[in-house]
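Novice: The residues making up each chain are set out below.
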Amino acid sequence: MSEFRPTLRPVLGTKQAVSSATLKLSPLPEGTIIHVLARPGEQDMAPFLESLPKAAGHAVRPVSPGQWFIVREEQMPHQEMKSLFAALEPRATGVDQSHGRVRIRIEGKMAARALSKGTALDLDPSAFPVGQSAVTLIGHIAAHITRVGSEAFEIIVLRGFAESLWDDLARMSLEFS
Amino acid sequence: MASLVPCPHCGQRPKEEFTIKGAALTRPAAGADASDWFDYVYLRDNPRGAYEEYWHHTSGCRRWIVLTRDTVTHEVAASRDAADRPRSEART
Amino acid sequence: MRYSAFSVLLNGLRGNRNWASAWRQPEAKSHYDVIIVGGGGHGLATAYYLAKEFGITNVAVLEKNYVGSGNVGRNTTIIRSNYLLPGNNPFYELSMKLWEGLEQDFNFNAMVSQRGVLNLYHSDAQRDAYTRRGNTMRLHGVDAELLNREAVHKMLPFLDFDNARFPIQGGLLQRRGGTVRHDAVAWGYARGADSRGVDIIQNCEVTGIRLETGHVTGVETSRGFIGCNTLALAAAGNSSQVAEMAGLKLPIESHVLQAFVSEGLKPFIDGVVTFGAGHFYVSQSDKGGLVFGGDLDGYNSYAQRGNLATVEHVAEAGKAMIPALSRVRVLRSWGGIMDMSMDGSPIIDRTPIDNLYLNAGWCYGGFKATPGSGYCFAHLIARGTPQETAAAFRLDRFQRGYLIDEKGQGAQPNLH
Amino acid sequence: MSSYRLPKGGLVDRKAPLSFTFDGRPLQGFAGDTLASALLANGQMLVGRSFKYHRPRGILTSGAAEPNALVTIGRGGRTEPNTRATVQELYEGLAAQSQNRWPSLDFDIGALNGLLSPFLGAGFYYKTFMWPAPLWEKFYEPFIRKAAGLGKASYDPDPDSYEKSWAHCDLLVIGAGPTGLAAALTAGRAGARVLIVDEGSLPGGSLLSDSATIDGKPAADFARDTSAELQSMPNVRVMMRTTAFGWYDGNVFGAVERVQKHVRDPARHLPVERLWRIVARHALLATGAEERPLIFGGNDRPGVMMASAMRTYLNRYAVAPGQATAIFTTDDSGYALARDLEAARVDVVAIIDSRPSAGVDYRGKARLIREAVVCRTKGRKAISAIEVHRGGRAETIAIDALAMAGGFSPIIHLACHRGGKPTWSAEKVAFLAPSGLKDLDLAGAAAATTDLAACLAEGAAQAKAIVEEFGWSCPPIVLPKVEGTEGTHASKPLWSIPGVKGKAFVDFQNDVHLKDIGLAVREGYSHVELAKRYTTNGMATDQGKLSNVNAIGLIAKARGVSPAEVGTTTFRPFYTPVSFGALTGPHHGHQFQPVRKSPLHDWAKKHGAVFVETGLWYRSSWFPRNGERSWRESVDREVVNVRQNAGLCDVSMLGKIEISGSDAAEFLNRVYCNAFLKLPVGKARYGLMLREDGMIYDDGTTSRLEENRFFMTTTTAYAAGVMNHLEFCAQALWPELNVRLASSTDQWAQMAIAGPKARAILQKIVDEDISDAAFPFLAAKEVALFGGTLHGCLFRISFSGELAYELAVPAGYGESVADALMEAGKDHGIMPYGVEALSVLRIEKGHVTHNEINGTVVPADLGFGKMVSGTKPDFIGKAMLQREGLAAPDRAQLVGVVPLDPKQSFRSGSHILAKGAAAALENDEGYVTSSAYSPHVGSTIGLALVKRGPSRHGEEVVVWNGLHGESTPARLCNPVFLDPQNERLHV
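Keeping their order, the protein sequence lines are chains A, B, C and D.
The opening position of the first sequence corresponds to residue 1 in this note's numbering, with each subsequent residue numbered one higher.
The opening position of the second sequence corresponds to residue 1 in this note's numbering, with each subsequent residue numbered one higher.
The opening position of the third sequence corresponds to residue 1 in this note's numbering, with each subsequent residue numbered one higher.
The opening position of the fourth sequence corresponds to residue 1 in this note's numbering, with each subsequent residue numbered one higher.
Among the hints, a few may not be true.
To be verified - Here chain A is said to cover these stretches of chain D; the calculated rule only asks that three of the stretch's residues, wherever they fall, bring their Cβ under 8 Å from a Cβ of chain A: (1) 584-593; (2) 596-609; (3) 654-668.
Claimed, not checked - If the Cβ cut is set under 10 Å, some of the chain A residues that face chain D in the computed set are: (4) Leu28; (5) His35; (6) Ser98; (7) Phe176.
Stated by the list, open to error - Between beta-carbon pairs, the in silico distance windows are: (8) D:Val263 <-> B:Val72: 56 to 66 Å; (9) C:Phe54 <-> D:Trp631: 53 to 63 Å; (10) D:Lys492 <-> C:Ser21: 53 to 63 Å; (11) D:Ser104 <-> C:Gly197: 17 to 27 Å; (12) C:Lys407 <-> D:Pro234: 44 to 54 Å; (13) C:Ser21 <-> D:Pro132: 21 to 31 Å.
Don't read these hints as lab results, they were simulated from the structure.
Glycine included, every Cβ here is placed at the ideal spot set by N, Cα and C.
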């Protein structure tokens with residue numbers, strides 16, 4: 001069946017974006033997410049990851065000590081990913097999470113207020129500035145939050161929970177939509 | 001504090017983001033005799049006051065941490081990553 | 001003074017001026033045959049049965065606070081004998097049988113009310129587990145019924161049968177299970193023991209255990225030294241602290257378990273119901289409050305208070321089980337300190353010190369076990385041999401590998 | 001006469017009339033009214049019946065402490081019993097019902113209990129109802145239960161929504177009265193993040209009831225202007241209708257916001273209540289004080305009211321309590337009330353002051369009776385007269401309303417929630433907050449400061465100190481000028497009143513009266529906790545806000561000690577009751593827990609799957625087809641088809657963990673009880689993971705994809721637990737090992753393709769050669785699909801006992817690949833199969849799951865004894881596994897079991913008895929862990945854990961299920977019912 005072309009089925013494909021003057025909730029394309037795990041004792045690899053030649057158009061998100069996500073809008077070809085993984089060794093291991101995790105964007109004046117209905121993070125810009133990431137519970141679902149703009153957040157969640165989290169975020173946004 | 005837990009990596013986080021294992025004891029060496037193992041697995045000092053225990057930031061950074069917490073006031077005196085060996089390996 | 005309808009009538013007509021004190025406030029003697037540490041339910045029950053069943057009356061119960069100031073006054077008042085393992089079930093059934101005759105026995109109305117305990121199941125696996133449990137009960141002659149969804153619906157139509165995340169498939173029912181007015185249990189045993197000569201000494205904290213050549217000679221207390229031939233510890237919640245005074249380290253952790261009561265309501269729910277898809281169990285007191293609880297906070301604690309995360313966790317399970325609870329208001333929450341043992345089952349045994357006896361590790365089985373625990377502990381102290389239904393509650397079972405692990409969670413107390 | 005609305009004044013909006021009903025009677029109020037003020041304005045003084053004696057009760061307070069005026073409001077799923085009329089805001093169409101009366105509020109049969117009261121004293125029920133024993137449950141108790149309780153809850157589900165939210169601030173101010181407003185203003189102007197919460201609908205607290213002027217304008221206007229300034233600050237958040245109900249560890253406060261409890265038709269996009277968890281760097285309690293009742297005969301009669309409440313109704317709601325009022329006071333607050341009443345042209349007949357002299361100079365018209373007490377009231381459903389004692393002389397004075405001022409108790413509730421004990425101040429005649437509290441202070445009346453100007457100053461000063469501590473610089477404080485108020489000096493405690501006649505209530509709602517307290521002390525229940533529990537004093541819905549301190553005073557008097565020695569009962573959350581709805585937020589019904597969806601969920605759906613909840617997942621149980629009349633038919637078909645052709649099963653929810661690093665193999669060697677060090681690259685191995693206590697924790701296959709890269713699978717149920725456990729081992733036990741763990745459960749759509757035709761089907765989409773030679777049993781590797789357009793992992797492992805593979809592909813392509821496999825297998829008769837069929841297949845093969853791995857079995861119990869490495873120096877569980885009990889000869893161990901008569905059946909959970917043995921616990925030999933109908937065997941088969949099981953193959957036993965009245969003769973046998981030589985795996 002070498003003529004068969006498998007088709008991607010985005011998990012939030014059927015979800016309608018929530019949009020109002022003060023809040024916008026939208027699914028991000030299922031592009032590339034690579035989980036980078038440094039070996040124990042390895043020093044901060046963020047600069048190295050930022051500098052990766054292949055990293056053009058990538059963003060690096062801290063996850064936890066010695067762990068990062070590399071994210072980008074487009075899918076990464078198999079070979080390109082293989083060579084990226086090779087470039088990481090032996091300092092770190094790369095694990096493909098492009099399908100294991102899904103990205104959602106929530107932005108607008110009320111985005112932080114809406115998120116506060118789920119997370120205990122203090123989202124005041126003084127405590128959670130642009131570029132900062134954290135893994136936290138949103139309601140009952142664990143997710144990775146990054147402030148990507150003064151009033152914009154990117155949320156990364158496990159694929160299996162993506163629909164539930166989306167529905168929760170939509171409910172949390174109701175007041176502002 | 002058992003309401004907000006100071007994660008050495010993530011700062012103050014709510015209890016529900018964590019999984020609690022219990023007494024932070026040092027696992028005996030492979031060849032240790034049965035009584036050491038029994039002590040490690042089953043016996044607890046269960047003190048009133050300062051207590052070292054393992055918490056896991058399950059819905060956060062997923063690191064295991066060691067909290068030094070008071071079992072009467074719930075105040076947390078210290079919090080460190082479990083991989084950072086305590087000053088003394090001596091079992092309490 | 002014996003309590004009866006007549007005595008209530010008579011004293012009522014005399015303006016209730018002649019009621020005697022329910023128990024004396026004696027000064028401690030210098031020496032007793034038996035000293036029991038802990039004036040909670042188990043300690044008082046032990047004293048009561050020592051005096052009544054085994055004729056040992058030169059007994060003191062030492063309580064650091066007031067009678068019943070521990071978990072006997074801080075629980076959700078449930079009694080049941082629906083245990084899974086042969087090591088547990090006969091003991092809790094003995095306790096149940098004692099509950100059934102208790103009030104006439106100690107002449108105090110503790111409002112023993114057998115309105116049934118129903119454990120809901122939501123999956124085939126839970127159903128099978130309850131089938132196994134129910135059959136253990138039946139094998140021991142304990143009443144048990146496995147209800148299907150329809151039968152549960154008929155019994156409790158207001159549970160969530162329409163919109164549940166984890167639909168109710170049925171439940172395991174023990175009709176003889178129910179509730180008891182918790183404080184009255186402590187008071188009834190205290191009054192019963194006192195009337196048989198036991199000295200109940202409140203505000204008397206044990207600060208040390210005096211040992212001579214591996215033998216207990218007495219206890220140091222906030223009221224001075226008191227000697228004894230036999231020392232019996234029934235200080236659940238603080239077992240580790242008291243045992244440490246004798247140099248013993250126990251397979252026990254102290255954890256806080258919260259309980260709650262709602263505003264008073266006209267009859268809303270009759271028996272006890274436990275949720276199978278979350279941590280929630282509820283009954284309604286004779287006063288009208290819904291009394292409910294859930295899971296441990298999960299951390300070691302000696303503070304009789306918990307935190308909000310657990311409160312919300314319990315409330316969520318409650319409304320998931322009974323949607324109509326939504327507008328019912330919760331009045332008060334409190335915490336009890338559980339003696340959580342390493343396999344979830346209790347200890348009633350001798351100790352390496354020959355005249356020191358231990359009653360501990362009740363986890364949250366403590367209240368329902370009160371009469372059985374008192375009787376079996378008294379039996380052990382009086383006869384030197386374990387009462388047959390409590391024979392498995394050995395202190396050395398952990399070391400020897402004969403565990404009684406109902407939940408199969410292993411050596412992690414906060415999971416039992 | 002009765003209460004009525006004054007022609008002018010108050011903060012109600014007379015241009016906005018509101019209609020409401022009480023017990024069906026249509027009444028009118030104004031916007032700004034509470035239900036209580038509106039009832040009083042309509043002359044409705046009788047609002048409820050008491051708990052035990054069903055005495056007529058009126059409105060006692062104007063706030064949260066109200067013990068009497070509890071009503072049921074709302075209809076259907078919005079029914080709210082026990083609602084305090086004193087805090088419920090009036091809205092158009094509000095329907096209120098009185099409670100605990102039958103047939104009507106005016107004529108209540110229950111009132112007969114009053115006649116029996118001599119026999120219904122404290123704890124009477126502990127002394128009787130014991131004979132004959134059976135009657136307790138059959139008669140006495142049902143009667144008591146029916147009589148007890150207050151309002152009636154509805155069984156209808158709640159139509160409204162709730163939510164939760166977090167908030168963070170530098171300073172949390174609790175209470176927006178004078179003290180709180182001054183504090184918030186000071187901290188806000190300094191630039192700190194301030195959150196101020198108040199349970200009321202308007203900021204101002206006592207200012208709204210005060211006739212004083214501040215900087216020349218009415219106190220209420222000062223409150224309005226101050227809150228307006230606060231609202232305008234970006235760093236300040238004012239939250240009204242929000243009650244802080246609890247103080248928790250970490251300086252976290254629980255609060256509930258009543259977003260839409262003051263409207264008839266809640267807007268759909270907003271919750272009716274919102275639960276807040278507020279994280280505060282510091283908190284200031286400005287919660288004010290509660291006035292204490294006085295304990296004289298008939299102090300519960302409608303028309304008797306707290307002095308401060310009467311003043312609130314008068315000044316804030318323009319409601320007069322009556323036409324001839326009297327004031328019974330022990331402090332100066334009574335005189336302020338007298339002045340305001342007279343200003344409103346309400347006749348004050350007398351002021352009865354228990355003290356020889358007042359701290360203020362009263363110039364009003366009322367007759368002033370010093371060193372006197374009210375010892376009883378008269379009247380039926382409303383007060384008509386009081387009996388005043390002065391010296392030896394008694395005098396009856398006709399009145400229609402009585403105010404009582406027994407002194408003030410600071411509201412320190414929250415400050416005591418974390419274990420601190422209140423301290424008694426003889427000087428202030430009050431219990432004060434525990435000393436040495438961390439990150440929390442009290443100010444104003446909550447700290448027993450009573451003078452208005454002093455409260456404003458104290459609030460500002462405390463806030464200044466706090467924010468300066470945090471490093472803000474505070475602009476100088478300008479205190480406003482307060483006029484028209486006198487300080488109310490501490491009252492002279494008057495715990496019990498000489499010559500009291502009739503029932504003098506301490507706890508109004510629970511009908512605990514003076515004699516009950518005395519009785520409790522006499523009977524030995526003199527410890528404050530015992531007295532509470534014995535008399536139920538302080539256990540009503542108001543949690544003793546009005547009664548506790550008076551009870552303590554009475555106990556102290558009876559015991560001849562000071563209140564300090566008696567101490568208080570424990571203050572516990574909640575300050576005022578909180579609804580389940582608020583505590584639950586959105587997490588109920590289907591939202592109780594999130595749903596975790598397999599990437600193949602919709603694929604299964606389109607093949608007609610019946611789903612079942614498995615943890616948070618939904619798994620497909622079976623795939624019914626037209627003409628199949630029962631689930632058994634479908635499952636049998638799926639099972640037979642796997643054995644004859646091939647089936648496709650979604651196993652995506654198995655836990656998957658990628659383990660890498662140069663020590664990965666060593667790591668696995670320590671976490672599994674069997675050997676993994678030498679597992680070849682390209683091979684999978686079944687592994688058993690033990691707990692440190694030697695019991696089996698979980699099982700699964702782990703494959704070595706590269707020298708230093710492993711792919712572990714876990715059971716679905718334990719996936720999360722295993723990951724936590726492995727992280728514990730890697731981080732806490734052996735941080736020196738170079739190993740990294742990544743959960744990739746959600747990355748892969750995983751399919752089991754099982755059956756004799758599996759290879760033929762799979763080969764159509766897999767590029768590599770997967771012949772038995774090239775890809776034998778337990779082979780594992782990364783493969784290319786569809787000519788290299790997609791890459792995945794292929795494992796030749798089998799749960800069914802057939803030739804089988806598990807294929808993992810990127811989740812987003814899962815459905816597409818499953819479609820391709822169904823297409824490729826069409827001619828081979830491929831069918832989807834669900835977990836029910838999977839279960840039958842594995843039972844036939846004797847494979848265990850968590851039905852058997854029940855947390856109390858060691859490897860040997862399940863026939864895995866030989867797997868346990870004897871050579872490895874260490875692995876989790878090794879040491880404890882050596883205990884004698886875990887090798888005891890009579891341990892329950894795994895066997896198969898079949899009914900002697902194939903037509904007979906048995907269920908999981910049935911117990912095993914020796915043939916002929918009586919059904920008794922001492923004869924219990926074990927139990928059936930799993931059972932199913934086996935098309936292969938042609939009968940029900942089961943797996944069981946039975947004492948000495950392996951040595952008893954062939955023995956006849958009885959499978960006993962007393963719950964269903966079943967007793968099935970059966971035979972123990974080898975647990976492997978199919979292909980014990982594993983030939984089918986290797987084709």
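Novice: Against this structure, judge whether each hint is valid.
Specialist: Consistency of the hints with the structure:
1. Counting residues of the segment 584-593 of chain D whose beta-carbon sits less than 8 Å from any beta-carbon of chain A gives 4, enough to reach three: the coverage restraint holds.
2. Coverage of a stretch by a chain is defined here by at least three residues with a beta carbon nearer than 8 Å to that chain's beta carbons; for the segment 596-609 of chain D and chain A the count is 5, and the condition holds.
3. Check result for the segment 654-668 of chain D against chain A: holds, 4 residues qualifying (beta carbon to beta carbon below 8 Å, three or more required).
4. Using the Cβ-Cβ criterion of 10 Å, the hint placing Leu28 (chain A) at the interface with chain D is not satisfied: the shortest such distance is roughly 14 Å.
5. A least Cβ separation of about 5 Å between His35 (chain A) and chain D falls short of the 10 Å threshold, and the interface hint therefore holds.
6. Evaluation of the Ser98 (chain A) hint against chain D yields a held restraint, the C-beta minimum of about 7 Å falling below 10 Å.
7. For the restraint placing Phe176 (chain A) at the interface with chain D, the shortest Cβ-Cβ distance is roughly 9 Å, inside the 10 Å limit, so the hint holds.
8. For Val263 (chain D) paired with Val72 (chain B), a C-beta distance near 45 Å fails the hint of 56 to 66 Å.
9. Between Phe54 (chain C) and Trp631 (chain D), the C-beta spacing of about 58 Å keeps the proposed range 53 to 63 Å intact.
10. For Lys492 (chain D) and Ser21 (chain C), the Cβ-Cβ distance of about 32 Å falls outside the hinted range of 53 to 63 Å, so the restraint is violated.
11. Range check, Ser104 (chain D) to Gly197 (chain C): about 55 Å between beta-carbon atoms, so the 17 to 27 Å window is missed.
12. For Lys407 (chain C) and Pro234 (chain D), the Cβ-Cβ distance of about 52 Å falls inside the hinted range of 44 to 54 Å, so the restraint holds.
13. Here the CB-CB span from Ser21 (chain C) to Pro132 (chain D) is close to 28 Å, well matched to the stated 21 to 31 Å.
Comparing the model with each earlier hint shows violations of hints 4, 8, 10, 11; every other hint is respected.
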